[in-house]
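Protein sequences, first through last, are from chains A and B. For the first sequence, this note's numbering gives the first residue as 1, with consecutive numbering after it. For the second sequence, this note's numbering gives the first residue as 1, with consecutive numbering after it.
Don't take every hint at face value.
Stated by the list, open to error - Subject to a maximum C-alpha distance of 30 angstroms in a straight line, what follows is the list of computed DSS-like cross-link-like pairs (lysine-lysine): (1) A/K49 to B/K136; (2) A/K45 to B/K136; (3) B/K146 to A/K49; (4) B/K146 to A/K45; (5) A/K49 to A/K231.
Said to hold, decoys possible - Beta-carbon label-pair distances, calculated as ranges: (6) A/M245 to B/R218: 52 to 58 angstroms; (7) B/E107 to A/N114: 24 to 30 angstroms; (8) A/V227 to B/A55: 22 to 28 angstroms; (9) A/R41 to B/T8: 39 to 45 angstroms; (10) A/A7 to B/T227: 57 to 63 angstroms; (11) A/A10 to B/A55: 22 to 28 angstroms; (12) B/G22 to A/I5: 52 to 58 angstroms; (13) B/E243 to A/G27: 51 to 57 angstroms; (14) B/G246 to A/M1: 50 to 56 angstroms; (15) A/V24 to B/T227: 47 to 53 angstroms.
The hints are simulated quantities; they were obtained by calculation from the structure and are not laboratory data. Using N, Cα and C, we set each Cβ at its ideal position, and we do this for glycine too.
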Amino acid sequence: MSAAIRALGAGAIRIAEEVGGIVVLTGQVLRALVPPRIDWRELVKNLHKMGNRSVPIVVLTAFFAGGLMTLQSGPFVKKLGATSLAGWAAGYAVLREIGPILIALMFSGRVGANNTAELATMTVTEQLDGLRALAIDPVRFLVVPRVIAMMIMLVALTVIGDLVALLGASVVGRALLEIDWSTMYFSFADNLKPYDFLHGIYKSVAFGGAIAMSSCYFGVTVRGGAVGVGKAVNAAVVAAAVSIMLLDFFITYLSG
Amino acid sequence: MTAALRFTDVHKRYGRREVLAGISLELAPGGRLGLIGPAAVGKSVICKLACGLEAPDRGMIEVLANHVVGKRESELGALRRRIGMLFQNYALFDFLTVANNVAFPLEQRGGMTAEEIEAKVAERLRAVGLAGSEHKLTAELSGGMKKRVGIARATVADAEIVIYDEPTAGLDPVTTQKIYDLLAADQARTGATVLAVSSDVVALAQFVDEIAFLYRGRIIYRGDAKTIADAPDPIVRQFVRGELTGPLEAA
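Please take these sequences and the hints and turn them into a complete structure.
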């Protein structure tokens with residue numbers, strides 16, 4: 001019993017330390033932005049690496065996610081003779097929830113994990129100390145461009161993913177449920193509001209920040225060699241997934 | 001005269017293990033000091049403390065008339081630009097090419113044109129025998145080549161203090177001699193103060209003026225490099241001669 005309580009306490013302390021560490025790192029990133037002295041070369045490199053190379057996987061995932069929404073709701077709306085709502089049902093779910101969450105989780109698994117592994121390897125091979133020895137702040141040089149790139153690129157990928165998901169919903173509606181293109185189009189246009197789209201974008205900004213900060217934090221605080229790098233990647237992906245779910249809940253709850 | 005590097009009663013502990021138990025060390029400007037001792041005794045820690053990359057638990061560290069202890073990262077920047085450091089594990093930036101690694105300190109300091117930087121980098125790479133490897137990534141290099149890139153980067157900016165942590169580890173005897181000749185020529189040209197950590201005591205003794213022996217958290221011996229093999233302390237003597245029996249074994 002006492003061992004269980006000890007383990008629970010140790011776990012709580014570890015989580016508190018990690019959350020505190022992420023908050024401190026966030027403060028350092030914000031401080032590094034005033035005045036904004038960004039290494040543009042690093043930023044552009046990261047924008048390309050994190051964004052462009054993620055497009056194919058996001059397009060594939062979003063297309064089928066949109067199609068799935070129509071596949072799930074289609075039979076019911078057809079049964080009820082409300083095919084004009086098929087697009088709305090798929091679009092509403094995609095723009096407000098499925099799109100931002102799914103793309104954020106994909107992004108975390110692909111870009112966040114890669115970022116943690118990269119920073120963690122640099123940490124264990126003393127490259128961060130090498131930067132400090134040359135009077136270069138690793139947060140300003142390595143972390144800030146990555147955080148900015150991840151936040152910008154997740155929003156951009158979410159916009160692309162939203163559009164592709166709506167296309168996927170339409171294609172599946174036409175191909176499998178015989179809902180014609182114009183019905184889907186007007187279902188989107190008449191029922192979806194700009195706020196539905198913006199709601200998802202707000203979320204992707206927050207998710208991007210959470211993925212960026214957790215992946216960078218676990219990367220720069222890693223201890224040990226290859227085993228430590230593996231643990232850091234694991235911890236970063238788990239922390240990002242939990243953060244995404246919590247943020248999603250609270251943003252939805254607070255903004256309606 | 002003010003010392004270029006001064007440690008006064010410096011303590012450093014990692015967990016329960018006290019690595020440095022009151023180190024006091026002084027190095028005059030332009031001096032060359034070698035630091036030796038058994039593995040994991042804290043030699044690299046001393047190098048990092050001198051750069052302000054680690055903070056001591058207690059004691060005072062003065063580098064080029066600047067107190068290092070208690071300073072924030074942003075306050076140490078100006079001092080670090082006056083120090084060159086070769087890390088034991090190279091610490092090369094794997095996102096840069098060989099040439100960009102060597103050019104990095106010069107680019108960050110500013111004040112030089114791209115052509116001047118290019119010429120300086122080419123000269124350094126020639127000196128360490130890596131001409132022609134400019135465009136390689138560090139992942140494509142052998143350990144010895146990485147070490148030489150690290151030396152080129154540590155010396156490219158003509159720093160006032162240069163710290164070499166195992167400058168010749170993993171290099172063959174001929175390359176080791178070449179590297180020490182290069183370091184000696186560099187030091188003669190710039191007049192830099194040098195702190196060098198090495199396990200290759202024989203080669204190190206050719207390069208430095210004095211050698212200090214670190215053991216159990218303390219400097220137990222410091223003396224002329226040329227006569228280190230005949231040091232009065234039996235622990236130092238055994239270590240330098242590589243004898244299997246003696247007080248080191250008993251410890």
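Against the structure, the hints come out as follows:
{"no.": "1", "hint": "A/K49 to B/K136", "verdict": "holds, 20 angstroms"}
{"no.": "2", "hint": "A/K45 to B/K136", "verdict": "holds, 19 angstroms"}
{"no.": "3", "hint": "B/K146 to A/K49", "verdict": "holds, 26 angstroms"}
{"no.": "4", "hint": "B/K146 to A/K45", "verdict": "holds, 24 angstroms"}
{"no.": "5", "hint": "A/K49 to A/K231", "verdict": "holds, 23 angstroms"}
{"no.": "6", "hint": "A/M245 to B/R218: 52 to 58 angstroms", "verdict": "holds, 54 angstroms"}
{"no.": "7", "hint": "B/E107 to A/N114: 24 to 30 angstroms", "verdict": "holds, 26 angstroms"}
{"no.": "8", "hint": "A/V227 to B/A55: 22 to 28 angstroms", "verdict": "holds, 26 angstroms"}
{"no.": "9", "hint": "A/R41 to B/T8: 39 to 45 angstroms", "verdict": "holds, 42 angstroms"}
{"no.": "10", "hint": "A/A7 to B/T227: 57 to 63 angstroms", "verdict": "holds, 58 angstroms"}
{"no.": "11", "hint": "A/A10 to B/A55: 22 to 28 angstroms", "verdict": "holds, 27 angstroms"}
{"no.": "12", "hint": "B/G22 to A/I5: 52 to 58 angstroms", "verdict": "violated, 41 angstroms"}
{"no.": "13", "hint": "B/E243 to A/G27: 51 to 57 angstroms", "verdict": "holds, 55 angstroms"}
{"no.": "14", "hint": "B/G246 to A/M1: 50 to 56 angstroms", "verdict": "holds, 54 angstroms"}
{"no.": "15", "hint": "A/V24 to B/T227: 47 to 53 angstroms", "verdict": "holds, 51 angstroms"}
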